[in-house]
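Student: Make the complex out of the two chains shown on their own, each in a separate frame, by following the hints.
Listed in order, the protein sequences are those of chains H and E. According to my numbering, the first sequence is numbered sequentially starting from 21. According to my numbering, the second sequence is numbered sequentially starting from 595.
Treat each hint with caution, since some may be false.
Unchecked claim - Here are a few chain E residues that sit away from chain H, every Cβ distance over 12 Å (derived from the structure): (1) Gln617; (2) Ala633; (3) Leu635; (4) Phe640; (5) Pro651; (6) Ala673; (7) Thr731; (8) Asp737; (9) Lys765; (10) Ala817; (11) Gly840; (12) Asp848; (13) Thr884.
Unchecked claim - Quick look at which bits of chain H chain E covers, simulated, 3 or more residues with Cβ under 8 Å: (14) 24–37; (15) 44–52; (16) 77–84; (17) 122–133; (18) 149–162; (19) 169–176.
None of these hints come from the bench; they were simulated from the model. In this text, a Cβ means the ideal position worked out from N, Cα and C, and glycines have one as well.
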Amino acid sequence: MILEGTVHKFGRDVDTDVIIPARYLNTSEAAELGAHCMEDIDAEFVRRVRPGDIIVAAENFGCGSSREHAPVAIKAAGVSCVVAASFARIFYRNAINTGLPIVVCPQAAAAAQAGDRLRVDLAAGTVENVTRGTTYAAEPFPPFMQELIARGGLLPYVAARLKESGARG
Amino acid sequence: MAQTITEKILARAAGLDAVQPGQIIEAPVDLALANDITAPLAIAAFEEAGFEHVFDPAKVALVPDHFTPNKDVKSAGQAKILREFARKHALVNYFEVGRMGIEHVLLPEQGLVTQGDVIVGADSHTCTYGAVGAFSTGVGSTDFAAAMAWGKVWLRVPESFRFVYSGTVPKYITGKDLILHTIGLIGVDGALYQAMEFAGEAIAALSMEGRFTMCNMAIEAGAKSGVVAPDATTAAYVAGRAKRPGVVFASDADAVYARTLEIDVATLEPTVARPHLPANTSPAAALAGTTIDQVVIGSCTNGRLEDLRKAAEILRGRSVHPTVRLIILPGTQQVCLDAAADGTMQALIEAGGAFSTPTCGPCLGGHMGVLAAGERCVSTTNRNFVGRMGDVTSEVYLASPYVAAASAIAGHIATPEMVSSKGGGR
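Isolated chain E, as found in the complex (with noise of 0.2 Å):
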């Protein structure tokens, strides 16, 4: 039976032949993770439900990200939940500060996601990992607490939901730009409960970095998951890097689709969305008469070297416009000393730029750059609802990295063209 990537890495960890749309199954789980905010309440949950043990010390990932270094008392509270619960259960996989990362940029990185693994995380963007081609989908803090202890997680088997790329793509296009603009076709629940399927020429030209993010933003249009079927690409970086073999899958040829839609990426623009949904979409230079108070490059959607090297590649030799804050978040400690050793991190400074710790930070309205009211943001983070990044009335414009960093420049919207065309800066 034709069957597409999704249905066939759930059958395999189901054991099962074959799986359809919409039957329920039980899947081992590859690695289970969760964070700060989700933790907690599944450790109360997992304890008050009696659970002595978690099914593999090696499979339960737990990484303080979202407000650490800790904010105030009541999150190093939180934090030193997770810390306690890691040591009793010996936890191999517990990243403190210091040898943190934001975890959706850490876990790929250390090789714990792999080719057909089924992962569950307490974090919506967990369907980031499904760029290794892997089917990895957001659940609760109560989903995570029963796959500690069970070692499964019941699944409906998602149809899928087909995305072709054609094209050439243009110059300063980034993966962000494919996937904003993907979502501003099909609305925020647009692939609501569905697996979307990244392919096409375009996306067998995008570098593992534009993968992540777009496997990011699956969630952002309501899906389940997002996966990118494995090519030389992902071989190239799960070689030496996966803690397991994985197992390689691609959809067939007559695999059945919810819904197929084709894009043309070679007339596509520097794309952003604006407030208050994902959806909300336009061209960057569309834009151009929207000043702004800050700039926010990193994040678990943008956050990896590449990122922020399309930043540096902006505003290098350039000065931020002085009405305006710019925020890096690096990903992870790796991306930080990758971004030290080659310039990266020196022209992102010498810029005017505050280079952060990784962390989820601002993203949801943490710390580190929160939003005063009836302040404007451009970010490269996933999320520009009411109030995301901080105060009711503040605003976030959701863009790539090329964007954000020519948005430094300018003080307001801009594209690379508009910041290089004017001279500005230094």
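One chain only, chain H, in its complex shape (with noise of 0.2 Å):
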């Protein structure tokens, strides 16, 4: 898959709490989320992002809280990818089991700035910065995680292997 977009540039350990303020988890609905993405770090971020845009950030993007919200409304925002010098853990895995395509790429993070267009591509582990002409390698995800992706993600690969348990017993 081959993501682009314009770069909504943020700084290291930008944490879960300005990524969707607790003060809208009264919630789950995705698209209510999305409507106060970034909200406390960037007002305008909801007003300027644009389906497809890609969010750069340094290191730690995600850290804090568990509250799988936060991939959900960068989603629902229509951010099409993250790309950061490193995540949080639960963060990390939550954007796996979101569906929240995620990219570490240090090199590609430090370089791109806001308003740069990206190209990303999940199936060959590159990162191009399109305007600055530069292209990156990301770092690959570890081969268990590359397998939960290719079984459709966490859920149906549990529920295969409950029915696989099942037929054997």
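Tutor: Put into structure tokens, the structure is as follows:
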């Protein structure tokens, strides 16, 4: 899958409280969560973001709470992918589990500026900065996560595993 | 092969002789938990995936603690989803308002977590249970849904980061000061993906409450888990409490660590984390010019009886500063009863504090003490991110119950010594 969009640039330690403030966690509705995405770090974000745009951040993106509402809100806001130097671990798992594409690529994250066009090739594992004419290799997913993704995500994987053990038992 | 406590717990759970950092394992879970924020998403995912049964109704805990007692109509709807799911699946460990508590205070108190357990919770502060010698980590709603159905979790075995605290713990220095100081040293991603192992003579001398506080905040350094190897203090805590026999593990002397940090606590001062990261630490005494509007004492970090007693020790016979609001968030109903029985509650109320029912409430800007624009709060909670407790321009300073109580009297950030020498209050 190839994702192309305009960069929205953030710094390090972007926490889940600014990605989706807790005052909006009295709902699980994706569209409602998306309407408040990044509100406490950039109040204009949801008005500026266009479908397919890409969030680029430095280290430790998604630190803090376990709220899966964070990747849900980012996806619902129209963001196609998050490229960061590193991700906090619960956010990393949650992004995979909710189908939000994420890419670990410190060089691309450092070089990209707000407004640049990025083209992310998830299969090839590359991040191309179209504006600057540079291409970077992303860190590949660990083999187990690749298998999870290939099998449709965690819950389909677990359902298949339970079916297998049920058939055996 | 020499192993850390974390590796031993995970190897046993996975049915292996040994595990190594980086290895992917499947481990049966002894307990999976979620709350009124994270469970609704999980329940929707569980049902959408077509799962019909939870793997064990005694090993799934639902604790509606964040926006309860229901703060608004939408929150009431979220809590109702938990209640109905708990009834449908005959969950043994569903805790209703009036019998509940803040999950990470409640579940250890009820003996639902014990030594050697593997626990996953859809709440980032699930790492708290490492204090009893368990492996315990926070996950999202989908991982929790998978654990409810499957009874297992996939995990990447973390590298371990060992912290050795030496020296005698000075008066008014608590587990909170130790962990804030530690996060200040290594940063908010200083232990990213790792297990933080707390050891040394200062940890041996620390109460269970102090150990819970330290493990609770392991996530604030990016860690997967925090752990303290069980000792006599742990054994005394779980005795008569744990619902299952635990398994005690200890790290081998020659276990391999990604890093070891030695910290001398003898000269440690009461420590505060300034806005807007838990790693922005300063000695409390250096912030005495910082005036405050609110003080919160309690939460999953510091809402245990010992924490409230420490606050009462400072506040007994004194008065909360006229321009400060003091809110007490006890961890559980039992903490309320114990605080009522020993005079702690009375001392805090007489000083001018508002004593709440157990709830996460203001810690995450939910209810029961949300901050207005520009307001400043000293809080014994665990996060001080932008907008965490309310308006995006409000500020949170993280501190121990001693510093929080002293600050409530002074009207600015203060240490216990500062309020006792001034002889303030009544």
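Student: Now tell me if each hint is right for this structure.
Tutor: Okay, the hints, checked on the actual structure:
| no. | hint | in the structure |
| --- | --- | --- |
| 1 | Gln617 | violated, 10 Å |
| 2 | Ala633 | violated, 10 Å |
| 3 | Leu635 | violated, 5 Å |
| 4 | Phe640 | violated, 8 Å |
| 5 | Pro651 | holds, 17 Å |
| 6 | Ala673 | violated, 10 Å |
| 7 | Thr731 | violated, 8 Å |
| 8 | Asp737 | violated, 6 Å |
| 9 | Lys765 | holds, 33 Å |
| 10 | Ala817 | violated, 8 Å |
| 11 | Gly840 | holds, 25 Å |
| 12 | Asp848 | holds, 27 Å |
| 13 | Thr884 | holds, 22 Å |
| 14 | 24–37 | holds (count 3) |
| 15 | 44–52 | holds (count 4) |
| 16 | 77–84 | holds (count 4) |
| 17 | 122–133 | violated (count 0) |
| 18 | 149–162 | violated (count 1) |
| 19 | 169–176 | holds (count 4) |
Hint compliance for this structure: hints 1, 2, 3, 4, 6, 7, 8, 10, 17, 18 are not met, and every other hint is.
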